[in-house]
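Trainee: Below are the chains, spelled out letter by letter.
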Amino acid sequence: MERSWWWKAFGILLLAVVSVAYLLPTVVSKGRLPAWYTKYVNKKIQLGLDLQGGIHLVYEVEVDKAVSDKADRLAADIEERLIKDKKVKVRITHEGRDDIVVAFPKKSDIKVMDKKFMADYRANLDEAARDDAAGTMRLRMDENYVREVQDYALRQGIETLRNRVDKFGVSEPSIRAKGRDIVVELPGLGKNDFERVKKIIGRTAQLEFKICDDGNEFMTKLAARVPKGGPIEVQTDTYDGKQRGTVVDTYLQSKDNKALVKFIKGLNLPKTHEIQLGVEQAKDAKGNDLPEKIWRTYYLHRRSELTGEYITDAEVQWDERTGRPEVGLTFDRNGASIFERVSGDHTGERLAIILDEKVNSAPVFQGRIGGGRARITLGGFKDPFALQQEAKDLVAVLRTGALPAPLRKVFETQVGPTLGRDAVKKGVMAFAVGGGLVLLFMFYYYKGGGFIADIGLTLNFLFIAAILCGFEATLTLPGIAGLVLTIGMAVDANVIIYERIREELALGKSARASVDAGYSRAFWTIFDAQLTTAIAAFVLMQYGSGPIRGFAVTLLVGIICSIFTGVVVTRLLMDFVVAKFQPKTLSI
Amino acid sequence: MARWIKPNINIDFIGNRKTFYTLSGLMVAASIGVLTFNGLTRGDALNYGTDFKGGSEIQVEFSREVSSGQVRSALEKSGFKGAEVVRVTDSKRPHFYMLRLTEVSAFSESDQARVKQKLEGVFGKANIARFDYKSGSDKVYIYFKRGFKVSVKQVETVFKTSDLEVQQLQQFGRAEDNVFEVVLVGLDRDIRKVFSMALGKDVVKDVPQVESVGAKMGRQLRDDGIKSVMYAMLLMLVYIAFRFDFQYAPGAVIALMHDVIITTGLFALTWQEFSLSVVAALLTIAGYSINDTIVVYDRIRENVAKMRDRKFPLVVNASINETLSRTLLTSLTTLFTCVSIWVIGTGVLKTFAFALTAGVLIGTYSSIFVASPITILLSEKFAKKKPR
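Chains C and X, in that order, are what the protein sequence lines are.
Under numbering that gives the first Met the number 0, residues 0 to 587 are what the first sequence spells out, in order.
Under numbering that gives the first Met the number 0, residues 0 to 387 are what the second sequence spells out, in order.
One or more of the hints may lead you astray.
As the list claims (entries may be wrong) - Straight line, CA to CA, 27 Å or less: simulated BS3-like cross-link-like pairs of lysine-lysine:
1. C/K425 / X/K80
2. X/K91 / C/K408
3. C/K64 / X/K144
4. C/K425 / X/K76
5. X/K80 / C/K424
6. C/K197 / X/K91
7. C/K424 / X/K76
8. X/K192 / C/K177
9. C/K508 / X/K91
10. X/K91 / C/K177
11. C/K177 / X/K115
Quick caveat, the hints were computed from the structure, so don't treat them as lab data.
Assemble the whole structure, with the sequences as input and the hints as a guide.
Mentor: Written as structure tokens, this is what we have:
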């Protein structure tokens, strides 16, 4: 035999050994393998919900929050139009869930709220009360619009969750509406992964940008009322507010989050403002980090200048100074221009970046900022690896968009497989019979050649299984059936080649020449046929989501392995037979 | 050495191509016809399972140990086909199950109309904003106009006087929304009956919840799927046109659509459950069909270069004959697996394998009688415009 033949044979053997090693943790039950082994080789083929069940989570969609947010946005929109287009002074407040109260300091200005102005909001708002003499007006969210917003929150919630779970790489999840809740079922995962997925699912990922109202007398007055010696302390910071001179920021801080939240809840805040909390790492007198967290307040204008809706992309990047991971945001064109305007109008003021109702950071605008980029820093209590993972998860949720309403987990349980044990048993038997018939037939029809094809098929199955194991793919019963079918179809390559070899033999060529011609002629046929299918699989993988993508991956893996075993492996064996025994004719 | 198809076989596939065009055309038309007919008479073109249509999720707590097999067979005996039976691990409730059925209604359409009419009569049409019943659940939501004063008692009376048993009636959500939730008796009673008949009296301890569940394959997922299939076909067309010749491409794609449409038509005709697995089967059929067609095309291309003196239709016929042995053998090996899964498997696997078996047969037929003859049709069209 030629040297290259031995190399190739050695390569294939090595692949087979690696595949078997990879598959061992899937096939052998846990605890039967030595620990040193599972430490290095621990990937497993997951079984789908139908075969082994999984975790069942029920989330309630807090639709009223979505409605309230919508009212907020409508209020902001009306305010902006009144001030910018109509050039009047106005105070707008959002009351309860549905009501927007418009008050004009100059009472006669109420005339700008005419039919024409209101026409734009006809579908969203109803006029609940109007007092021309007092210059006030009460608008209420339209009933049908409220329901529309609620329905949308549920529908969009499902889509967002699906995208997030997809991004995380869980295959074959089941996500569906149940009444007014969302049910998520995930097939078996490691415990750590479960926790991470649950965190990603539950995350609202609502991103808001609001201007801090530092130096407002509300806070200085409030500071005087904080009981001394309690868990809450008063602090001040100063910073350079550019044209505003030096700004003194008075805030409250506490290591006791609950006490702080309770204290703030009891306050009578002006309707235009709100207090949000941010978390920092406690420091000792010298400025060294202490292990505990400390919460502080931010006094903010209630209106949000920008939201996560304007983000087109998010990515993990590294802070050049500290080397810590952070998340970079890119705004769309609209968002970029708003950001530029806001940064110009509020130079010297601080912008609070609020993620899920927690202030992430509040940098001072140094001037007008173009380009439409911003970044989110991550809390520094974790090791770099955990931080990087946190950044990745944050990117995943920001890219898939915010949930239109917060989700509250109401139920979590473990569920069994959806298919009965007998169904699985019968399924496995069907696969064995089907696969066995194919092998037997090939041997019957092509004799020696068939035996070689059978070796190729067995290796094919082994390789496909090992690759799927490497992807940690989730297999459902129909998925396995698809694999068995791939085997049925993989025979195609061998049939094409053998039929070709028979034709060449019939033309009177020698055994070696027939094998050469058969393989080389058949190769392009196989290549074209499989590549056309592969193109389809590739497109399905790119654009399809959920189960369709899973199918495409299996198909693609099947195609690659089938070509390899059908063309390379059987050729090698055929060459061996021809070279070793130098037969006059072939058993084919 | 076995050889079932003689090497010098020469069947005239092309001569009768008009007959096969007609036959295929009729089959495709019949499939579309059955789909439309079902859509008109049964409300749905296909017997969509819970994957697509959603249905009811019913929680059942049994008073003693019952296996999931027993639950399933009890349901099947009572005509609930394709039920999903899931056991819930719960330390407080050791025999707890979740059943997912295709839509069962607790509230018939005539009852709905009757109650709605009565409500309108009692409270005035203008005061009822919406009357909402999600089929599959046992809950009705009545939205009154905001600010309209109505009590739980008043609503309950309407249901009672309409001979409908109410399990629970309460205000839903925020008071200002003025929404009432009515939980009807019906489905839970039916479920109790099913199990007590099959498994003995008092086997059901509680039916804590009956709720409608949405489809697993939501609208976006479905749209994504359809879009990706379209793109896939387009790219295959381009690739075939590039690797072979333009006249080959349409035939392959038409054959593929032919196979998928007829298989779907068979599902409409036999009214078997159409689930996500069947979609996977249809995609597999598409892959198989294209594979089969390309092998024949490849031979045609080779022979066009070899047999310069022969007319194109004859070359095509010779190519089909030469590859016939391979076409049939591959179909056979594929059928081995499909048929054994069809015969031995149960439930999802059975419908999955049914789709594949049908698809492989149709795919084999189409690669011989549809795809290649269409290339002749197109080459004739081209020849007229651009004489060689």
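Trainee: Now tell me, hint by hint, if it's right for this structure.
Mentor: Hints, one by one, checked against the model:
The hinted pair formed by C/K425 and X/K80 meets the criterion: a straight-line CA distance of about 19 Å does not exceed 27 Å. A C-alpha spacing of about 19 Å is found between X/K91 and C/K408, which places the hinted pair at or below 27 Å, so the restraint holds. For a cut-off of 27 Å, the pair hint linking C/K64 to X/K144 stands: about 21 Å separates their Cα positions. At most 27 Å may separate the alpha-carbon atoms for a hinted pair to count; C/K425 and X/K76 meet this at roughly 20 Å.
Of the supplied pair hints, the one linking X/K80 and C/K424 holds, its CA atoms being roughly 20 Å apart against a limit of 27 Å. For the proposed pair C/K197 and X/K91, the alpha carbon gap of about 24 Å is at most 27 Å, so the pair holds. Of the supplied pair hints, the one linking C/K424 and X/K76 holds, its CA atoms being roughly 22 Å apart against a limit of 27 Å. For a cut-off of 27 Å, the pair hint linking X/K192 to C/K177 stands: about 24 Å separates their Cα positions.
Taking the CA atoms of C/K508 and X/K91, the gap is near 77 Å; set against the 27 Å cutoff, the hint is violated. Pair hint X/K91 plus C/K177 holds up; C-alpha atoms about 23 Å apart against a cutoff of 27 Å. Among the hinted pairs, C/K177 with X/K115 is consistent with the structure: their alpha-carbon atoms are about 24 Å apart, no more than 27 Å.
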